[in-house]
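Using the hints, build the complex out of the two chains.
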Amino acid sequence: MHGMRGLSVFISDIRNCQNKEQERLRIDKELGNVRNRFKNEKGLTPYEKKKYVWKMLYIFMLGYDVDFGHMEAVSLISAPKYPEKQVGYIVTSCLLNENHDFLRLAINTVRNDIIGRNETFQCLALTMVGNIGGREFAESLAPDVQKLLLSSSCRPLVRKKAALCLLRLYRKNPDVVNVDGWADRMAQLLDERDLGVLTSSMSLLVALVSNNHEAYWSCLPKCVKILDRLARNQDVPQEYTYYGIPSPWLQVKTMRALQYFPTIEDPYTRRTLFEVLQRILMGTDVVKNVNKNNASHAVLFEALALVMHLDAEKEMMSQCVALLGKFIAVREPNIRYLGLENMTRMLMVTDVQDIIKRHQAQIITSLKDPDVSIRRRALDLLYGMCDVTNAKDIVEELLQYLSSADFTMREELSLKAAILAEKFAPDLSWYVDVILQLIDKAGDFISDDIWFRVVQFVTNNDDLQPYAAAKVKEYIDKPAVHETMVKVSAYILGEYSHLLARRPGCSPKEIFSILHEKLPTVSTTTIPILLSAYAKILMHTQPPDQELQSQIWAIFNKYESCIDAEIQQRAVEYLALCQKGAALTDILAEMPKFPERKSSLIKRAEYSEADTAEQSAIKLRAQQQTSNALVVTDQIPANGATSPVSVGQLSLVKVPSLVTTENDTSTDRALSQQNGASSKVDPQPPSADLLSDILGPLAIEGPPGATVQSEHNAVSGLEGDSDAVDGSAIVVVEEQTNTVQPIGNIDERFRALCLKDSGVLYEDPYIQIGIKAEWRGHHGRLVLFLGNKNTAPLISVQAIILPPAQLKVELSLVPDTIPPRAQVQCPLEVVNLRPSRDVAVLDFSYKFGTNMVNVKLRLPAVLNKFLQPIQVSAEEFFPQWRSLSGPPLKLQEVVRGVRPMPLPEMANLLSSFHIMICPGLDPNPNNLVASTTFYSESTRAMLCLVRIETDPADRTQLRMTLSSGDPTLTFELKEFIKEQLISIPTAPRSPAPSAAPPTAQPSPQIPPNDPAAILAGLLS
Amino acid sequence: MIHFVLLISRQGKVRLTKWYSPYSQKERTKVIRELSGVILTRGPKLCNFVDWRGFKVVYKRYASLYFCMCIDQDDNELEVLEIIHHFVEILDRYFGSVCELDLIFNFHKAYYILDELLLAGELQESSKKTIARLIAAQDSLVETAKEQASSISNIIAQATK
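Chains A and B, in that order, give the protein sequences.
In this text, residue positions in the first sequence follow the UniProt record's numbering: the first is 1, and each later residue adds one.
In this text, residue positions in the second sequence follow the UniProt record's numbering: the first is 1, and each later residue adds one.
With the rest of the complex left out, here is chain B (with noise of 0.2 Å):
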């Protein structure tokens, strides 16, 4: 089961965090420093895995941003290092190639996105088509909310004149 996704950019700022295990917050702030000074500190040409307290953190870096997940020892690393793949296409097919900026303004979206991605720390869907479609109709709910909000709006306002 993967416990935890932490998005880390190489100055050790946080850029997206979501916890599938019970951690206090004060847990949560002493994961992110110990692990951001075990998986930043690390050369490119090393294998994407490293121990951590009795668990394995699987890492990749893409461009300035490093995707951690923690999961079992006896989980499959190569399995979750794939996710982490999976998570980044499916966010550049959304943003339009992704970069660090657009996660940093729409951190909210990111989180729609991993949604739909992960549930209970498991792969919840492994098409890409499915998590767009789904992802896009999110967006045009709330679009369609947002024009009746306005339309009502106009409509008290005129009646208000």
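With the rest of the complex left out, here is chain A (with noise of 0.2 Å):
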């Protein structure tokens, strides 16, 4: 060991301050002391530079700004000698990051290094730059770094650093690693015998099929064969085993790689695999030493995710989830906080959540845990199995565990519970005492829009609403109350209070006095709620009762002068009313429901999904759940009346125009009837904004419903003033209602499912059809996900599958109503007999209220879904060519009006229906070859081959060979292709909203030489 006696004594002085303060004064003075040493350079011996680079560093460590010495630093790297270049190197790549400029400078010579002959230097630059290497060193090295890893000559402890550079470079610029070439190279080192290079070519590989595992097909059944190989224990030498296990390390990242590939066909290496799998499953035991036990258990972890990946049988899935059973109650806190965090991501897979289930009072446990990390898994845990059957247990759990939770965690923990409550309530007044508790428990964790919610659940449903009004008298009745219960408590009572009013304690004066209480201890914001409500109750007081009423008139006055302008406007404009007399039962009438949208608590919900979701396998897998989950998007305004109702008419219907009347400017009046019924809101005093902002998330953004016009109407039509124009308004609205319109375009969301395995089948105002398939060879397995979108349930639900006669389609019971805001399950299996284009529809109906609907959807189980790309090299396709020769096995087909494009496009095309483009095979640059796979009953997996031949001067024709060992595939596969060249999807208007008859099936229009809408409408 060779010290340096300057850097351990400036070290010890360091540690011998006694305080930050002289810390401070003894790093400024070295500082000044390595600055003025460098300022004559020339006299600094190669000793003395690195001891003063080292002492920079070791101070930049310690969390000081050195902002000078860069220069010396990376002067070093271009040192001729080893010790003076290896400090260069270091003190580089630890004092700079790949943002900073001087790196730019050491370009030059960190390439020399990596291109010259000495080993050393090799390492020291492949290093830095795996490091800290950023874009630039990206474009000029990657090349230089891709021979040293593929390298003959070169020895293991030069490429296992290269192939950790090239990987660093990869995720700097992806571009640098060249998909076509590269593929077989990476399966080549795959083969590598040395572990070290292996394990660093293993991390490339992950991050390369991560990208694309498409071009890395054959790295497949490699992976599988280390993995066998380092399972087994055979031929894994000494020093590369840990505690006895083969390098655990090698073994997980292999595993991962698998992860990204979606399946795995090869019926050998599918075996081979789940044999090591099962092996990993039950053969690691809980052994005493940790070492040992973390090694095996990361291994463990590991195989539970692939097998969760790869969907295996049922039986193994039991036996995983049994596995994570145990774990999450063995007392090792590791595992225990693994097995939650797994548990959470094996949700994912169907099937399996009623087995989880079973572990729901472990789980509850977990909550309670002593360490925050695991009560944060089980929180994650019992948020991702809640649904309808045990919402109530969850939710009353985690609303126990608010009042002792960490302060961290209660506002996710009050968010969670809300949306819980909102989404699967078995009845909306438990929903509301869920609420209620939220908000006595936690407060101050309680946004806006959880109490705007429930507002608009009990103003939408009448049978709440006495039993709201009660709840929240009691919460207030209580002496300390949180400002949030009291906003709730004063809307709800306005509203509803006089409901209750034959109940003891519930005579407006005294809920009058109840709420007045609480005037002293609120803000600002608070004190309009309680205005209104004041309003409220004296309008509901009948017979009128003078003495309240001269109280809440001197409270108004009081506020007549309020320095809040919403507070005053408030005051003023309630005292002006009620001058009006009986005028004012119409004007304060309570308020109209809410039209159905989208929960905002929801909303985000998901946007924090999205926003922290990841990259991974798993991590993808769960977001196309979340895709297939209950989304909701905001209605789109059936008809023209733009206006948003906004808060004003949350508090008061009518007020402002109301007031302006009185005041009598006519040109309101003028304004009132050129808009329209909705303008009788429009002529807001500025100040009401303020209001809406407070109230906003509950105003209504989306059409007015029905119910609010027509509430307008009637209020305008006791006011006397209702014109033609509102006439008429409401009656289109009234048509609206009645029809039942689709939420995006049915064809678009057809065709995109034809290219892709999840997504929205069909939208509309009540229900949202989800579909997520998987395909394996000539078998498929759908899951419709039904969700229904109101706060009503759906009834005399009813799917029947009409099949072409080549699809074997069985749909499991679905059930005859949704619960309102439920989502339901149907999963539908699909064998494939034999090619043909036939396309399967689903004839799906549904009551909401009055509304019958019914529409016929096709399912996206389509030719191209049993196709599997296949890479065929020469050797394979030209004899296979050759020995199809002719018709009906090979035909030909010129094809003319083909939608012109780029031949790389056309790739695309097919490569997006499976059909894999093979390079190289066709000299003329103008044609394509490809292969694919096709699988059915009758066919089994055939290979078919493709050829194109396009003409440079005319992109509208070419010339088409398909072949294949079955004449019907051949001529359907032609057929399929064809009918893509041609006919390239544009999206077809839906009809207009208008022309639909009252209960129409929206049906969109379909190409008539569309096969599948020929046979939907035979149907129909």
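Hints in this document: simulated from the structure, not taken from any laboratory.
Because the structure is a prediction, the values reported are computed rather than measured.
Covered stretches of chain A, as calculated for chain B (at least 3 residues, CB under 8 Å):
#, stretch
1, 286–295
2, 327–339
The calculated DSS-like cross-link candidates involving lysine-lysine, where the alpha carbons are at most 27 Å apart (straight line), are:
#, chain 1, residue 1, chain 2, residue 2
3, A, K392, A, K368
4, B, K30, A, K29
5, A, K172, B, K26
6, A, K288, B, K128
7, A, K288, B, K129
8, A, K20, B, K18
9, A, K81, B, K109
10, A, K808, A, K978
11, A, K20, B, K30
12, B, K56, A, K172
13, A, K81, B, K18
14, A, K292, B, K45
15, B, K146, A, K81
16, A, K51, B, K26
17, B, K129, A, K292
18, A, K288, B, K60
19, B, K56, A, K292
20, B, K129, A, K225
21, B, K26, A, K29
In this text, a Cβ means the ideal position worked out from N, Cα and C, and glycines have one as well.
Have a look at this one:
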């Protein structure tokens, strides 16, 4: 060991400092010293130079700014001797990051070291580039680094660094790895015997396949082989075993790489892999040695993730859940943590939710774990596993936990509880209970949207109103109440306390005094809500109570001169209204129902999920899952009435125009006639915006529903200034409500789903039908997600599949009713019997209120779903191509009227249908040769070869040759490709809303040559 | 991927830092401050993982020193925990039952060793023997250069006598 005295002395000086101030002084002194020494660099020996840059690095590491000396560190890199060079490289890579300009100065030196012959210099250079190289390094050094990695003359110590260095450069700029050329080389690298190089190469592979697995299929069997070799401990040098386990890290990385391949087709490879996985699952025991235990469980948890990804047979899945169930109850906290985390990931797999639910009690126990990390995982898991069946238990546990939870978790906890309560409420009174408890226990953590939402539910459900009113009264009766509780209570009691009038202690006077007691304790944002409540209470007091009236008027009087504009305005307006006597009743009538709209809470939850989403295979699956979850978009305005009914009406439907009428401004009246019904609310004083900010999210953004409109009409009718414009506007609205319009274009949705495996198949204001499909050979498994977007149930739900002759389709039982805001999953099994382009149709109907809705939807179980891309080499292609010599196995057709597109675009189009381009087989650059495998029961796996010859002079025509071992398949595939080339999906306009009959089927215009459309037409 | 490695003493003193993702000095200081607050306050019988700003930090305490590595949410936590232990074993072999003082006064050595263990935030070598060999080779390169230098300066000294 070689010490450096000056450095050691400096470090012990720092250590001897009594406080931060002394340390600072000592460091400033040293920095001054180093700066001076660097100034006349000439006199510095290499030893001194090294010593000073180490001191700089030490100071920098402690967190002090070092704004000089970077040049000296970088210049050491170009020193001729190893000791200086080594220090230069290490200090530079710690001192600078990839964004530093100084680094650019070094590129040339670094490159010279990489391409030079000195392997120790190569190692130093590769290490620095691998740790801090940026885009510029990627562009100028990637080819050299690749050469080193592949070179047979380089020793493993250089090549393993080259592999990880390339990984870094690839992360900075993926273009530096040329996919075409690299795939084969990557596969070769996996044959590497040196486990150091293999470990590094595997990390590189993980990064490559995470971006594009298609190119690296040839690596898949090799990964399985490596895993098999490691798991059997064959041929693993002693030094690469860790506590008796053959390189656990390489095992983990290999399984990680495998998770990026969607499936494993080859039966042999699949079987081998499952044997290995089975052995890991069954053979991992808990042992005393902590490190051995950790290493073996690192492998085990990765194996679990891989099993989940491969969606293994149910038996293996239940084995996994059983293991996890065991883990979440063990004493070792790491395993408990990981058990919970992996169970949450497991929720993404269908079929296992029920088994996971058996562990609910244990998971709830973990919510009280002494370790906050574990509590968080338990919360995530409970949130994820919650559904209609267990919502009550889970939410109540969360509520109980809320009072003792750490402050850092309370906000998340209350948001999650609120979302679950809304999503899965078995009945609405329970929902109200939960939200009120939340406000009571954690008022500070309750955002406005939570209480807005409960008000919306109460307003929309008549049965709920007396219950909610009685409930809030109980809470507000308590001496210390959170301000949010005052707001929600004031709103609900103002609207609905008259429903309680006969109960003891609920007379208007009593309600008023309970509310008014709170006024001195609240802030200015709450006072306007209280004033509105007073006005409403007063209005509901029949016969009028003089004493109450004078009390309330006195309050209005007092606030008439309030400095807060919003409070002042309300006070003035309410006082004016009170003078109007009987008309008050109409104006202060109960709030209209809110139109159904997406919960901003659920929106928020989705947003934050998307925000933290990551790119792992598992996470990608999770995202697909969320996209299938009930996603309710805001309703598209169904008519021309665009004026958003803003908060003015929330508290008081028609105050503004009434006030102005009283002051007799004829311009206002003219304006209101001009704008029709909805303009009644338009001439709002600007200060009302303040309130609309407070209550904003509750305010109606979508179309004013029919109820709102008729309410307006009723009011204006009573007022006696209803005019013709009003009337006609309402007629249009009535018509609209009977028509259920699909949201989005059904045809476009279908076409999109032909190319991907999950997404939305259909959506209208009441329901959303999502789909998620998995294809394996000639089998398909689809899950329909039927999501009710409303707070009322959908009834008479019926789904019938009308399969074409070539498909065997089995749909599991579809429930007759979909509860409010619930989502129902209906699995669907598909077997492809023989090649055909016909499409299965889903005949779906349901009833909402009096609306009977029936739609016929094409299912994306189309021909290309049974194709698997396959790369065919020249040696395989040509004999096959020649052996299928002519019709009916080989068909040729000149196609005209092709949509002109450049060749790469055509290649992309084909590969999007799983038809794989085989580059280089056809010497003519204007031709495309491609191959694919088709799966059906009659044909089994069958190779199909395609050749497309284009004419560069005329892009609208081409000659297409198709061959396969089955005449029908050849014909069907030829027609299929032809359709794709001729009619590229263009979005047909959906029929104009006004043209739709009252109970219209939202069937889109489908091109007449579309067989599915003809089928659907025949059946309807 | 490992985004950074931190060695922090029980008193919150920084003993070693290595950053594989770009962080400015300001961000580095902030990260260290935040994580010291989270990790040093955790009790002894808790798990070795903490959630932190959408990442995970895997840490383990060895005597008075906390070894921390920050990884992505979906990385394999136990794998990284054992990388930490692997690192400690290599340090132990090199220094001969390593203690905090060894690392304080030889932090540059710790960097050499870390650079053979991790690269680009990934594990580079899992054989302790190989790493020990490589570090020994580096040391001898430096020694040889030193001897050469001193012999040259001897020659010069003698020639100018």
